[in-house]
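Positions in the sequence shown are counted from 1; adding 7 to them yields our numbering.
A hint or two may mislead.
As the list claims (entries may be wrong) - Below are the DMTMM-like pairs computed for lysine to aspartate or glutamate, each with C-alpha atoms no more than 20 angstroms apart in a straight line:
#  : residue 1 : residue 2
1  : Lys514    : Glu463
2  : Lys510    : Glu402
3  : Lys248    : Asp203
4  : Lys510    : Asp492
5  : Lys494    : Glu262
6  : Lys523    : Asp352
7  : Lys523    : Asp482
8  : Lys541    : Asp588
9  : Lys551    : Glu528
10 : Lys304    : Asp492
What the hints contain is simulated information worked out from the structure, not anything from laboratory work.
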Amino acid sequence: MAIFRRTQNQAPMTAVKNLLDRNGQIYARVTVPADVRPILGKRELLELIGTDRMTAIRSGKHAAAVARLKAQIDAARRQPSKQDVPRPRRGRRLSARDMALQHYADQTAFDAEIRDSDPRFAAMDGIDEGYVARLRRVIAGAAPDQEIQATVGWIMRKFADQGTDRLEPGSSEWRSHARTLATAELESLARTAERDEGDFTGTPTHPIFTQPAEKPEATDPHAARIVSDESLLTLDDLLPKFLKERAPSPAMQHEHIVSTRMFNEFLGGPRPVYAITRRDVNAYKNALLDTPTNASKRFPGLTLPEAIEANKQRPTPFPTLTARTVADKWLQRLHAIFAWCAGNDIIPDNPASGVQVRYKKDKSKPPRVPFTPGDLSAIFGPPAFAPGKALGETEWAMLISLFAGTRPSELAQMRLDSVRHVRGVLAFTVEEETKNAGSRRTIPVHRTLVELGLAERVAELRKAGATHLFPEWYDQGMRAKRYADAKAEAEGRPPTLNQHFPKYLPKRVNNTYLPKVGVKERGKDFYSFRHTFKTGLALAGVEKSIRDQLCGHADSSAGATYEHDVSVEALKQGIDRLYYDGLDLSALA
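Kindly generate the complete structure, drawing on both the sequences and the hints.
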């Protein structure tokens with residue numbers, strides 16, 4: 008193809024990300040994140056890359072400079088604290104092919120971004136033919152080291168700055184990597200030339216891009232575990248498909264991502280799934296038991312093995328993960344993706360199967376238990392519940408929890424519009440953010456709540472301009488949630504769901520009200536209202552399927568979906584059978 012340096016027309020410029028034109032001087036510019044500014048002492052980083060805007064972009068100088076500036080920020084984040092001296096974190100060792108694939112993807116994506124932001128780019132007259140000739144000399148092995156450095160050194164520095172292994176300039180491996188990267192650069196320029204003519208269908212033709220990943224040699228002891236081409240993929244490659252199929256909550260998705268990262272760090276880098284053995288998973292389990300809690304925050308920039316070692320070097324090491332956390336969280340997440348791989352014929356079996364951590368359950372925190380008839384008489388007696396005394400948020404929260412079995416987070420988020428008639432039956436419709444889809448349900452209002460004036464309470468709140476059944480409780484929880492979500496976003500974690508609401512009204516009931524009325528038995532707290540509700544339904548002879556629907560317990564049977572929203576009459580019959588011995592609230596009506 009005819010390749011030559013572009014000339015510029017007078018089309019108006021638009022902004023290009025990370026590019027600054029200051030008095031004819033072209034700079035790469037990267038904003039310094041707030042958490043790194045105290046370390047670098049700057050709000051932004053600049054690097055001069057020339058005097059011609061398009062040449063700086065087309066030559067790759069801009070992309071390389073941006074990569075270097077971002078690497079400075081990453082390096083600042085990895086600076087050791089005063090009490091720890093961690094080793095710098097390195098990314099996994101990339102093969103020359105891996106680098107070529109990544110560079111090609113980066114360049115073609117950058118080409119598309121520039122076309123969308125500046126029409127001058129596509130209007131230029133061609134590509135620098137001299138640059139193409141130098142790339143071809145590098146590919147042919149005819150370029151001396153100095154010319155290689157001048158031609159593709161910026162690409163090699165980009166990967167070195169990202170944390171991959173640095174190669175000795177002039178070494179045979181360095182020259183080999185340079186030839187491969189020059190091939191990727193030439194392929195990306197070919198796509199640019201095609202796009203200049205309006206053709207966006209081009210694909211790479213070099214074998215580096217078209218050949219599948221190399222299969223292991225016959226001497227590989229794990230080669231027998233290869234059951235398909237996907238066996239050669241890593242967990243990083245397979246994780247997106249796993250998450251798409253499972254569709255977990257944002258929090259659970261984040262845990263799977265972190266779990267995969269931690270396991271890869273332990274292995275020293277991603278490994279084809281066929282080559283991962285039960286011995287690897289067992290060794291990982293043992294490492295987790297030595298892993299400090301909040302390792303990524305306490306030892307930023309370190310891999311899991313490095314964090315373990317750094318923690319051991321402290322005069323007073325941080326506490327390590329509990330056996331329960333290792334077993335029920337991190338090993339469970341790893342087991343899940345390996346089970347998915349085995350179920351999809353990617354590997355012959357699950358290498359995490361049978362890998363366990365046995366632990367004793369914590370008996371210091373007793374299980375929640377239902378209230379006794381004596382407890383209920385004390386809780387719902389005077390002075391809080393007295394004839395003629397208006398019922399406030401706390402009183403209504405306890406009553407509804409007892410007669411509807413709602414979770415604290417569900418009750419706190421319940422909107423006034425969620426108390427409505429469903430097929431002629433007044434009901435609570437739990438439809439706000441809940442722990443799972445099965446938690447969304449319809450709960451007919453018990454006759455006792457109707458007699459105590461629930462409908463009138465809803466009308467009064469609506470007249471006062473409220474939107475939720477418990478406006479004060481809801482506002483307290485949402486303030487805490489907004490603060491926690493902002494912090495989570497800054498730390499790259501998913502937003503929280505509903506764990507903040509039990510901190511307020513239920514906490515006051517647990518710490519103040521229950522002890523005041525004499526309910527001090529361990530295991531009895533606000534959540535015991537729900538347990539009392541479930542126990543009451545069972546004692547009343549309500550069938551299990553109805554109890555499960557009322558309590559929001561997931562039902563995996565084939566008819567569960569059909570039954571969920573259409574049997575409100577059966578739910579009403581079940582809830583009307585609920586009765587608490589010795590509890591008489593008629594005087595409050």
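Assess, step by step, whether the Cα of Lys551 is no farther than 20 angstroms from the Cα of Glu528, and give holds or violated. Measuring from Cα to Cα gives roughly 29 angstroms; hence the hint is violated.
Within a Cα-Cα threshold of 20 angstroms, do Lys523 and Asp352 meet the stated pairing? 60 angstroms, violated
Check the hint pairing Lys541 with Asp588 against an upper bound of 20 angstroms on the C-alpha distance. Roughly 15 angstroms between the alpha carbons, so the hint for Lys541 and Asp588 holds.
Between Lys494 and Glu262, is the straight-line Cα distance small enough, at 20 angstroms or below? 17 angstroms, holds
Hint check: Lys248 vs Asp203, CA-CA at most 20 angstroms. Holds or violated? Not OK: Lys248 and Asp203 at ~34 angstroms, beyond 20 angstroms, violated.
Given the hint that Lys304 pairs with Asp492, does the C-alpha gap stay at or below 20 angstroms? Measuring from Cα to Cα gives roughly 17 angstroms; hence the hint holds.
Verify the proposed pairing of Lys523 with Asp482, using a straight-line Cα cut of 20 angstroms. 26 angstroms, violated
With a cut-off of 20 angstroms on the C-alpha distance, tell me whether Lys510 and Glu402 pass. 17 angstroms, holds
Regarding the pair Lys510 and Asp492, is the alpha-carbon distance no greater than 20 angstroms? 16 angstroms, holds
For Lys514 and Glu463, compute the direct alpha-carbon distance and say whether it is at most 20 angstroms. With Cα atoms ~27 angstroms apart, Lys514 and Glu463 exceed 20 angstroms; violated.
Of the hints listed earlier, those the structure fails to meet are numbers 1, 3, 6, 7 and 9, in rising order.
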